[in-house]
Structure formats: C-alpha cells, structure tokens
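*Asks:* Please arrange chain B on chain A, whose structure you already have, making use of the hints.
Take a look at the letters that make up each chain.
Number of protein chains: 2
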Amino acid sequence: MTTKKKQLKLGAFLSVPGNHLAGWRHPDAVPEYDMDFALYMRLAQTAERALYDTIFFQDTVAVGGSDALKAGDLTRTRLSRIVKLEPTATLAALAVGTKNIGLIATATTTFNEPYNIARRFSTIDHISGGRCGWNLVTSQIEDEAGNFNLDTHVDHALRYERAIEFYEVVAGLWDSWEHDAFLRDKESGVWFDRDKMHFLDHHGKYFNVRGPLNSPRTPQGRPVVAQAGSSEPGRELAARTADIVFTAQTELEAAREFFADVKGRTARYGRTPDDIKIMPGITPVIGRTMEEAQEKYDALQALLPDDVALAALARFTRGIDIFSYPLDGPMPDLPEANSAKSRQKLIMDMAKKQNMTLRQVARSVSAAQGHRVLVGTVGYIADQMQEWLEADACDGFNVICNYYPGPFDDFANQVIPELQRRGIFRTAYEGPTLRDNLGLRVPENRHTAARG
Amino acid sequence: MTTKKKQLKLGAFLSVPGNHLAGWRHPDAVPEYDMDFALYMRLAQTAERALYDTIFFQDTVAVGGSDALKAGDLTRTRLSRIVKLEPTATLAALAVGTKNIGLIATATTTFNEPYNIARRFSTIDHISGGRCGWNLVTSQIEDEAGNFNLDTHVDHALRYERAIEFYEVVAGLWDSWEHDAFLRDKESGVWFDRDKMHFLDHHGKYFNVRGPLNSPRTPQGRPVVAQAGSSEPGRELAARTADIVFTAQTELEAAREFFADVKGRTARYGRTPDDIKIMPGITPVIGRTMEEAQEKYDALQALLPDDVALAALARFTRGIDIFSYPLDGPMPDLPEANSAKSRQKLIMDMAKKQNMTLRQVARSVSAAQGHRVLVGTVGYIADQMQEWLEADACDGFNVICNYYPGPFDDFANQVIPELQRRGIFRTAYEGPTLRDNLGLRVPENRHTAARG
Chain A
1 MTTKKKQLKL GAFLSVPGNH LAGWRHPDAV PEYDMDFALY MRLAQTAERA LYDTIFFQDT
61 VAVGGSDALK AGDLTRTRLS RIVKLEPTAT LAALAVGTKN IGLIATATTT FNEPYNIARR
121 FSTIDHISGG RCGWNLVTSQ IEDEAGNFNL DTHVDHALRY ERAIEFYEVV AGLWDSWEHD
181 AFLRDKESGV WFDRDKMHFL DHHGKYFNVR GPLNSPRTPQ GRPVVAQAGS SEPGRELAAR
241 TADIVFTAQT ELEAAREFFA DVKGRTARYG RTPDDIKIMP GITPVIGRTM EEAQEKYDAL
301 QALLPDDVAL AALARFTRGI DIFSYPLDGP MPDLPEANSA KSRQKLIMDM AKKQNMTLRQ
361 VARSVSAAQG HRVLVGTVGY IADQMQEWLE ADACDGFNVI CNYYPGPFDD FANQVIPELQ
421 RRGIFRTAYE GPTLRDNLGL RVPENRHTAA RG
Chain B
1 MTTKKKQLKL GAFLSVPGNH LAGWRHPDAV PEYDMDFALY MRLAQTAERA LYDTIFFQDT
61 VAVGGSDALK AGDLTRTRLS RIVKLEPTAT LAALAVGTKN IGLIATATTT FNEPYNIARR
121 FSTIDHISGG RCGWNLVTSQ IEDEAGNFNL DTHVDHALRY ERAIEFYEVV AGLWDSWEHD
181 AFLRDKESGV WFDRDKMHFL DHHGKYFNVR GPLNSPRTPQ GRPVVAQAGS SEPGRELAAR
241 TADIVFTAQT ELEAAREFFA DVKGRTARYG RTPDDIKIMP GITPVIGRTM EEAQEKYDAL
301 QALLPDDVAL AALARFTRGI DIFSYPLDGP MPDLPEANSA KSRQKLIMDM AKKQNMTLRQ
361 VARSVSAAQG HRVLVGTVGY IADQMQEWLE ADACDGFNVI CNYYPGPFDD FANQVIPELQ
421 RRGIFRTAYE GPTLRDNLGL RVPENRHTAA RG
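Keeping their order, the protein sequence lines are chains A and B.
Note that full-length UniProt numbering has the first sequence beginning at 1, numbered continuously upward.
Note that full-length UniProt numbering has the second sequence beginning at 1, numbered continuously upward.
Just so you know, the hints here were simulated from the structure itself, not pulled from any lab data.
Be aware that one or more of the hints could be misleading.
A pair counts as met if it fits within one copy or between any two copies, since identical chains are not told apart.
Said to hold, decoys possible - Here are the computed lysine to any residue pairs in the SDA-like style, where the Cα-Cα straight-line distance is at most 20 Å:
#, residue 1, residue 2
1, Lys186, Pro27
2, Lys186, Asp307
3, Lys99, Met41
4, Lys70, Phe199
5, Lys186, Thr75
Chain A extracted, bound-state conformation (with noise of 0.2 Å):
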C-alpha cells in the first residue's frame, strides 16, 4: 500500500528588487526589478514553469520611512524597497501572459472601500480563469495614515474590528450572483434571473453596503482570501476568514504552536483545519557546499552597512530612539507596538533567546524581514523544509528571495526538482483554478445554499 505523502504548497513573495535590504546591490542583482513589469512577468514565468501554487505581492501604500526622509534622514536613500507597481493592477497584467499560476495581492482594509476591493478581486478572478487571492491585511505603517486624512494611525483593535466588517461586506457582495443568474437570453430578451440576484443590505458600525456588486460569482466561486497577521486578532481573523495564512516562523516548536493554534482556532468558525494552508516565509541560500552558501551570505550581509540595517530596524521600534543605543549593546526593550506587533515580538524573542546585540539584530532583519533564511546546499534546503512540513509546523513555504533573478531561477531549478524527487512537491498543476491546486474546496454561494 502506497500513501500519497503530504504536499508542498508553495508561494513565490515577490519582494522586489530583493528582500535583503543589500540584495540589489549585488553584483548579480538587477535592481529594475522593482518597476519593469516585463521583468516581473519573466518572475510570474518562472514560477509557473516551476509549478508554485501561487506569487505573491505584499503592499503599503505610502513611502515606507517618509518620516525620517522628511526629517533629512539620508540613510535611508539607501533603501531599495521605495516605489513599485501597484499589486492588483500587476496581478491583472500578469493573468495574461501566465496560465496556472495563482495570482494574490495584497490590499489594505484600512484604507480602502469593501465594494471597491470586491470588485476588483472579482474582477482578476475572472481576467485569470479562477486564480485570484487576495491578501487582506490591515494598514501596518504610519506612513500610510497621513496619505489618507488622518495625523494618525488608526489603533490596532480598532482596524482589527473594521478588517473583520470589511470582510463580511466583501465575501457577502461576493454571493450577489448565483452561478446561473445571468441568461442572456435572446429570444426571451430576458438577460438575467432576478431571483438569482442579491442585495447585501449590510448596516454595520462602519459600513453600509447595499449591493449588489457589479461582478457575477467568480470562476473559482470565490477569490482566495490569504492573510499575514500573527498577533491574537490576527490569529482570530485568520481562523475566520483566511484560505492561506502567510507568517514569519524561524523555530520549529513556535511554528507548530502556531499552526495548531490557527487551525485549532477553526471549528468555532464552521471551518476545517485543512481549509486553511500555513506558508511561513524561507529565504534560501543556495551553494553547492554549505560552506559556499555560508560565504554567499556572508558577501551579501557585506553589502549592508549598519547604518541602513538600523534605520530599516526603526520601522518595528517606534515610541523609542532605536539611533540613541550603542550598536554593541544589548537590543532594547520596545513599548507595546500598535502595528506589526507580531513581527515585533518574533524580534524580540529571537533577540533574547539568542542574546543578539542591536547591531546583530538591525542586520538580521535588514537581511530578512523576521523570516527564517536558508543557508546551504540544496539537500540541505530541502531537508529543512520537508522536517517543517512532516512535523505539522506548516502546509508548505512563501519563497522569499534576497534579490532577483539569480537565487530565484536557483530555487526553481534546483530546489524543487529536489522537492519533486522526494514526492513531496507536485510534478503538474492539479486544475485550473487556484483552489484547485491548494486543495481548497469551492465555496458554496449562500443564497443557493439557503435555496436547497
């Protein structure tokens, strides 16, 4: 008797020009990455070539650090990660010269309108033929606030509440159409079944929506709702609403505390532990020694001077001046954060547990953004990921690169044939949609469910 082992799922974060804060400036890197669209279309390319299940965009919408930039602070001229294309229009481009690939993006619940996003997500689902997510998130930095009327940000429970209503309002508008509402009927003229047409008539304490939304249901039933909160609301959203749960893990036992601890969190919402996949992020360095990959890393932290690693730190130490302690002193304590809080404390706990200095954590984040990174061969790569997926601390990885292309196309030509060898990876995509591929069932439409 063969049983089939437990899947991979794979997500490619495409964190242009490299989510290593130095990672454009090596020599390999081409740093256009972070506004050619052809080169994020060659990106999107590769990962279909490879079989991931899905690329994914993060998104602020504001120049991250602009208040220290307004403040004269040069240091962070030095920062790569400034401009980029929007993620839903990219995500609409790249549905056109792609053909399996899931396509998720990330769009904020704090500063946007339900009907807009819901729309918009539909609308992509249809463009790709039923391979749209949607990273629902809520607005992690200040700078975003002043974009958008307010001298302030908004307090974390309170985006909290307004990203649980937002989601009602959208997955609601989402059921406006049943799948065979639309006729289009010539001989009767009659174009569509109005009992198959829906209005929401939410009123809630931030939003009313009447509906119905201007989009019918969608390919795949729904778009694919991910999400990348790891504090307590985070988690409790998840566990709500989230197909995909994107988080930042660097130790086995805290990865599978939190993977049981979302799915666990499941059953109170009607859903199923397997109706949620775990992605925590990997950053891989490959070389064909460990030594050789040790050296990589090392080149690529040498590239960064400490001075950029401390301000890209400030963005997780507001409320105190992380420029004011001594390098080679121990890491801070921080006051409680009111955004990236879950971020913040996988720092904090890495800086104690490992006994870091400020300078050893301003470069470890600058290198990584909190994620675990990868520093081998590729039996080495492969081995850590499959420990993680066998040991129930994740459904698979987000695959987060330093810069691009090089360690991209690497992962995809080397890692995952090994994946694929040890029948843990798949050697073709399972179906056309993005939930077919992750295994994710087709959400029933509420009104023809309620019809029987």
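*Replies:* Showing chain B alone in chain A's frame:
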C-alpha cells in the same frame, strides 16, 4: 504646397455587450462580450490594428437601476449592462496584449481616495509603457451612493468641488518624483536622490494627503486625463484639467458651440486650445446602401420593447414617475437633476426640437444613450465625420457600437480605410505613448520646472 489636413483622433468606446440596449439580441451579437476577457482582448487588438488612438471604458460602481429592481421591477432584467469587468484591472491586462493603443478607464472621484487612484493609473502607465489615461468623473447614478455608506446621492456642486480637489491631489502626487530621481547605484549604495523626491503636503477641504506617491514619474510624464461632463462645472473642470473631452453631441451647431466654449475656457488655466482634444460619440450603422443601413437600424429597434426603453430612460428622469405618462404623449418636463445633468438637458433639447413623444425619446435614448447615430454607407459616415472635423465641431470621435463584434469590425475594416484614403486619419502610430498619438505635450514635473 501641400498642407497636411487636420487629423481625426479616434477612440473606441467599448460599451459591452452593446451600447444599444437590445443590441445583444441581434442574431450576430455575442452577448458574452460583457464578461469574457478574451473577447475584450480581441476588441483591443482589433482597435490597435485599426490604429485607434485609444480604447475607453465607462464605469459605474453599482448595478444600474437597483432601486427599481429592489422594488420588484422585472423590466430591468431585460437590460444587458448589469455586470462588467472592473476597468482599471482590465486596462492593465489589456496592456499586455497590445503595444501601441491608448488605454483609458473611468474611475470616480466620488467614491475613491486620490492616493489609490494616482497610484493605480501611474502603475498602468508604467506597465503599458505610457499608454494610460484616466477618465475623471463624478458619480452619476444614485445607486452608487448606497454602496458607499450614503443614503442619498452627493449633491452635484459638492461632487464637482470634491472632483477638482481630487484632481489637484492626484496631479500633485504624480509629480512626487522627478524623472531622474532613482539612481540605483550599486557602488555607492544610494537608491534615490532625496532632492528629487517631493512631499505633497496637501491640506484641503476634502483631503489631507502628505505623499510622496510610491510610484515614479510615468513614461508619458503622467497619464492622460479624460473627462465627460458637459454641464457648466463639467466644462470648467475639463478646461482646467482634461486632455480629452468625451461628449454627446447630435447637432453640428451645438457641437461647434461646445467645442469653442470648452477650448475658449483653457486660457484662464494657462492652457491652449490644442491641449484639449474634444471627441463626441458616434454610433455607426453601416449599409452597402442608405436603405440597407436604415433597414439594419430598424431591425435593431424592432428588438427593443417599449417598456425596456422606458426603463432605460428612467435613469435620466429622477423626480417624476415616467411610467405614469402616456407613451404617445409629449415628453414631460423634468425637475432639475442632481446627476447626469448635461445628458438630461441634451435629451430634453432633442425632444423639444424634434417635438418627440415619450415613446420616441425612450427608444432614441435606449438606442444610443444620447449619442449621434450615423445610419448610412461608408461614404456617408466618412462625410459626416469629415464635415464635423473640418467645421471645428470636434477633434475626432469616440466610436460606440450597438453590439459586438460585427459593427466594431465593420467600422475598423470599412470606415477607417476610407478615412485614411481621405488623408484625415493616420496610417501608422506616431509614437509609443498615448500623448504621442494624441499630439499632446509631456507635462513638465512642477519641481523640475521650478529648478529651472
């Protein structure tokens, strides 16, 4: 001495699945043109082969007539333009399958945030290599308000006030970065030149927006701005901000007056008449003879029941119960409108001038939404277009089709070659950007200009 004749600009207004409300019922019509992206792409590529300046999508953020549908009016289940692809995502996707044609989408200033709109259109300009345009509108239909937390529609004057400020913010954000701001210098590690990044720091009645936009200056300096409002504040906003004006004009003299009026207003904003291209809509019905064309039009009209026509007219007759008036009586007077003001005036002027019955007005509006219908041979249609062009009634036309794809293909394959033969339409694109083809200047970045 040969002087080049004044050249037509042509837009393809893709009013899918057909601008004529019964067009989709035509035996040759493909009603799936409302949602099938592959069909949208086919239209865009046909338009590009025909050398159109641009394609254009209108938009509303609601299902039209939802009030009536909610009240149980089943007539509206026979109206075809109920759902559609969201235009900005669609533009981005169409950019990938085209190389030269302009890509213009509508986005409302009433129910969006300027930062999001500035960014999305900037991104599409980057993705398309400088072919993007934004049709700036204020929301026209009452149904939209209910999807955005409002019980009633925003007052007309306030919508325009907000629109002006919205435009100022968007235009300001588009100047956030000078063209040479990004250095990406691996050696020094400097990513961008701080002197060429600019905060907006806008503080207004409707918006407080700090900036900078997280998108660089676009390939054509900034996206083209189109506008379609023809009311008094609409004309003023156009003179101040628009590169293109879409308008509904059915009479030569009125079109000449509109043309002169809008162009005449440009001076007060430091602009010239050439800075605005005025493009009325036309709907062609092409026959090998005039009689055949008329028969085609009559056959189309025969597919349109009176009650469906009346339901469509009701959009422009808020404030009275249009259904209570006798169909063969005179068109009743209307109270002052709060939306689609100029279109309503056009309809009333037409009704009075031609002494039309309610039935005639309803059928005329359903057939062409207030636009001019040219029923005749290729020669007749080209004559009409040339006459208006040479009479300074327009800079070109927005071509609107009763259904797809037949009339669209016929115009491309028959009328455009005739326009080319007459020397009033291009035989090759002038350049890679929409501004190149429209003959519009690339706007200088305000900060680069100030630098001198």
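*Asks:* State the violated hints by number, sorted upward, taking the hints as numbered earlier in the document.
*Replies:* none
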